[in-house]
Amino acid sequence: MRRNTLRTVAIVVFLLVTFFYLSPLVLPKTYDKTTNTEKIKKPFTFWTEKLLKLGLDLRGGMEINLYVDLSEIHTETERKDAVKAAVEVIQNRIDQFGVAEPSIQTVGEDKIVVQLPGLRDFSRAKDLIGKTALLEFKLVATADETQRVIEQLDLWLSQNYQNYPFLNVLNDADFKDDEILKTDTEEETDKIEWHQEIMSYLVNSGVQSMTVSHENKTLLRQLLKDEAFKNALVERGFQILPNKENLINPKADLELYVLYPTASLTGSYLTNAETRMGGQGDFMNANKPYVSLKFNREGSRMFERVTAQNLKRRLAIVLDDVVYVAPVIQDRIRGGEAQITGSFTLEECNDLVIVLKAGNLPAPVEIGEERIVGPSLGSDSIKQGAKAVVIAVVLVMIFMVIYYKLSGIISVIALFLKIGFIFAALTYFEATLTLPGIAGIILTIGMAVDANVLIFERIKEELKVGKTVRNSIDAGFSRAIITIVDANITTLITAAVLYQFGSGSVRGFAVTLTIGILASMFTAILVSRAIFDTFVSNKNRDTLSI
Amino acid sequence: MQIFENSNFDFMGKRKMCYAISAIIIVIGLISIMMNGGLKYNIDFEGGLSLEIAPHPIDKNIDYLTVDQVRDALVKNNITDAEIQEFPVSKSFLIRTKSSTRIGDTIVEIIKAEFPEHTKGENLIRSQEEVGPRAGADLRKKAVNAVLISLLFILAYVWIRFKFTWGIAAALALFHDTLITLSILSLAGKEIGMTVLAALLTIVGYSINDTIVVFDRIREDLKIYRKDDEYHVFNRSINEILGRTAITSFTTLLADMALLIFGGQVIHDFAFTLLIGIIVGTYSSIFIATAFIMDTVIATKKRSKSAVKK
Numbered sequence: 032m033r034r035n036t037l038r039t040v041a042i043v044v045f046l047l048v049t050f051f052y053l054s055p056l057v058l059p060k061t062y063d064k065t066t067n068t069e070k071i072k073k074p075f076t077f078w079t080e081k082l083l084k085l086g087l088d089l090r091g092g093m094e095i096n097l098y099v100d101l102s103e104i105h106t107e108t109e110r111k112d113a114v115k116a117a118v119e120v121i122q123n124r125i126d127q128f129g130v131a132e133p134s135i136q137t138v139g140e141d142k143i144v145v146q147l148p149g150l151r152d153f154s155r156a157k158d159l160i161g162k163t164a165l166l167e168f169k170l171v172a173t174a175d176e177t178q179r180v181i182e183q184l185d186l187w188l189s190q191n192y193q194n195y196p197f198l199n200v201l202n203d204a205d206f207k208d209d210e211i212l213k214t215d216t217e218e219e220t221d222k223i224e225w226h227q228e229i230m231s232y233l234v235n236s237g238v239q240s241m242t243v244s245h246e247n248k249t250l251l252r253q254l255l256k257d258e259a260f261k262n263a264l265v266e267r268g269f270q271i272l273p274n275k276e277n278l279i280n281p282k283a284d285l286e287l288y289v290l291y292p293t294a295s296l297t298g299s300y301l302t303n304a305e306t307r308m309g310g311q312g313d314f315m316n317a318n319k320p321y322v323s324l325k326f327n328r329e330g331s332r333m334f335e336r337v338t339a340q341n342l343k344r345r346l347a348i349v350l351d352d353v354v355y356v357a358p359v360i361q362d363r364i365r366g367g368e369a370q371i372t373g374s375f376t377l378e379e380c381n382d383l384v385i386v387l388k389a390g391n392l393p394a395p396v397e398i399g400e401e402r403i404v405g406p407s408l409g410s411d412s413i414k415q416g417a418k419a420v421v422i423a424v425v426l427v428m429i430f431m432v433i434y435y436k437l438s439g440i441i442s443v444i445a446l447f448l449k450i451g452f453i454f455a456a457l458t459y460f461e462a463t464l465t466l467p468g469i470a471g472i473i474l475t476i477g478m479a480v481d482a483n484v485l486i487f488e489r490i491k492e493e494l495k496v497g498k499t500v501r502n503s504i505d506a507g508f509s510r511a512i513i514t515i516v517d518a519n520i521t522t523l524i525t526a527a528v529l530y531q532f533g534s535g536s537v538r539g540f541a542v543t544l545t546i547g548i549l550a551s552m553f554t555a556i557l558v559s560r561a562i563f564d565t566f567v568s569n570k571n572r573d574t575l576s577i
Numbered sequence: 688m689q690i691f692e693n694s695n696f697d698f699m700g701k702r703k704m705c706y707a708i709s710a711i712i713i714v715i716g717l718i719s720i721m722m723n724g725g726l727k728y729n730i731d732f733e734g735g736l737s738l739e740i741a742p743h744p745i746d747k748n749i750d751y752l753t754v755d756q757v758r759d760a761l762v763k764n765n766i767t768d769a770e771i772q773e774f775p776v777s778k779s780f781l782i783r784t785k786s787s788t789r790i791g792d793t794i795v796e797i798i799k800a801e802f803p804e805h806t807k808g809e810n811l812i813r814s815q816e817e818v819g820p821r822a823g824a825d826l827r828k829k830a831v832n833a834v835l836i837s838l839l840f841i842l843a844y845v846w847i848r849f850k851f852t853w854g855i856a857a858a859l860a861l862f863h864d865t866l867i868t869l870s871i872l873s874l875a876g877k878e879i880g881m882t883v884l885a886a887l888l889t890i891v892g893y894s895i896n897d898t899i900v901v902f903d904r905i906r907e908d909l910k911i912y913r914k915d916d917e918y919h920v921f922n923r924s925i926n927e928i929l930g931r932t933a934i935t936s937f938t939t940l941l942a943d944m945a946l947l948i949f950g951g952q953v954i955h956d957f958a959f960t961l962l963i964g965i966i967v968g969t970y971s972s973i974f975i976a977t978a979f980i981m982d983t984v985i986a987t988k989k990r991s992k993s994a995v996k997k
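Here the protein sequences line up with chains Y and X, keeping their order. The first sequence begins at 32 in our numbering and counts up one residue at a time. The second sequence begins at 688 in our numbering and counts up one residue at a time.
Chain Y on its own, in the form it takes in the complex (with noise of 0.2 Å):
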């Protein structure tokens, strides 16, 4: 009896999550255009934010496989190094897309995944991805340029604001009462318009640089994207760069600098970046790592003029057009080799080596494999995966019950929970259905019966020698699950070497097939068991249909 409680109570949790990780297949959702994505609406969203996430194949999208050229590189670090530079650059250049769910992964030494589900500009995407890393020194302008620049901004924008609809936002009653406030307090009659003082109102300066709180982000994003926007600055003598984005906490306060668009110096001039450590006898820096640079012979020229003409300046370093550290100068430094110093941690600095190295790449990165798959195909994709597996849902179905009558019934229950619990499980597991993938489905549909089809036969097979049907019944399972399990086994060694030497779908198709073994063992075993015995117990039977 205990053996049965314990089954009641897995079974009851098989269904509970197979139900609750397929309600989002029927919970409103809102379409994002920009980036091809669903969400669950908001009110339900306290339910579960979990999705069915549709692989490339199947919404449409691209996945490029970049190789790192480390023919020339010789040590094992420098070898790291420049994969994580070009992966820097790569991740770099994604941030600046808006594609929702990027993955960019390494594969073996020398090999980058990219995948870009949703994508629909192919083109702009792979030219942004193959062009190579442009790092630059900019100075950054002084507090007292960088207050001018905002009024400049606020004044040039309160002309061009109507080209910018997005920035309507701001014309509500919350910025009026800001505006109210300040009016007070500088005590001016005149009632200023919302239009008046965007830029004011969107950054707070600082003495170090400006910022942007995580609300107003997306909004400049926009503005400083846009072209005449950033004409408008050039013809003033400035650039608006944003710094990296804070990836532990993403709604931080964003930081901006105000630069000069002219780069002093360019990543081209520097010969070598590596973390240091500070010597005892190193008064500033005892035992604090410190980032290490070395310019060729032009490079160490104008870095020298550089420094000396703009002492206790900063000097921010550019990776493609993304502020990463803008440090003080301190001193006129000769002969090339500089430092920077500050409270860094080593994993800080080592970032920043990557960075500095990532604009020099020592070592080219070529596209080896680039796979695009349009909105259309994968949509007929769809539409065609789902047909083939009602059809073949429907055809295994019919002919379970006309061969197994009664007990066939009871097969076809199990295959449905099985289905939907292999949706329920790439719900909650996050991964990706792909087309390979209800390809291993419907494989599952076929052999999922397979399981069922083994009890019933010995279930027969013991009935024609004579025993009771309760009795057939119970060495029927007890004899057919030693069988599914060494079967069920050998299948699962397969889908694992699958999953392992696959790439993308395929592995998709590896992780179907597990869910789905496990889940037709679970099925057939358990909760086929439990219908029968339910049946069974009730009367004392001596017939079975089956």
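In short, the hints are calculated from the structure, not lab data. Because the structure is a prediction, the values reported are computed rather than measured. Cβ atoms here follow ideal geometry from the backbone N, Cα and C, with glycine treated the same way. Check the hints yourself; a few may be wrong.
Here are some chain Y residues pointing at chain X (derived, C-beta under 10 Å) [what the hints assert, rightly or not]: (1) 153; (2) 479; (3) 528.
Listed below are the simulated BS3-like cross-link pairs for lysine-lysine, each with C-alpha atoms no more than 27 Å apart in a straight line [stated by the list, open to error]: (4) 914/X / 491/Y; (5) 157/Y / 799/X; (6) 829/X / 115/Y.
Fit chain X to the known structure of chain Y by using the hints.
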């Protein structure tokens, strides 16, 4: 309902004939592979371009493009080695080349320039795959490893659960399945790519599943019918589970047929490979795996007899 009730076929007596049939198919397959200059790989394993475009006319008065128009446009621009295939349902063209330089984007540009009235739509590119020679070679090596490693693992598992010779027999049957499937694929002129590899490994999984079911019953019957000789026990076991074997293969074939007919172009080769595999995998469990064990049993008996004589 019951099929193969009380069946009593002499499976083991047919094993020599089946060895011959398998050998003939494999030899014909190998000859066909050699005549093709090796296995035909698709771009996954060999590198090259596979580009599917759907140049749909911008208004109803303009006709859809024909294969010849597309080919002429490419030839005019010095792309002569492209294979072009038309998919009538989606009104799209599949353009494939084995060229090692990346020309996918160039071809798209050519089509756009030559047929401006057909390429204004958003969904011109249905799919584009380009694989460099290096990536292709990488994948090929991985594929061979994947098949070999799964065979090794299965050999080990069967060895632990049954006996060493049974493990060898199972691995041999799987190797046989892989060879026959590759032979038939070569004869059918199919190319081998990532999806076909996935199908091959699935066949390995399906076939071992089937083999284990047979082995399991034999192990059980060997204990029950200790007095009978192996030849009869093996035949009896296979006959006992013949109904199950037939039904499972049949339902899996049903599902695979649904995939083959309704699954669409991308999945077609997968389903086709699997179709071969389901048939071969079922066959090999009886006529290769079990038959091989039969022969090792006979060989050991002969050896022990001759040892007694000495």
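Hints, verified against the model:
{"no.": "1", "hint": "153", "in the structure": "holds (7 Å)"}
{"no.": "2", "hint": "479", "in the structure": "holds (9 Å)"}
{"no.": "3", "hint": "528", "in the structure": "holds (4 Å)"}
{"no.": "4", "hint": "914/X / 491/Y", "in the structure": "holds (26 Å)"}
{"no.": "5", "hint": "157/Y / 799/X", "in the structure": "holds (18 Å)"}
{"no.": "6", "hint": "829/X / 115/Y", "in the structure": "holds (24 Å)"}
Hint violations for this structure: none, all hints satisfied.
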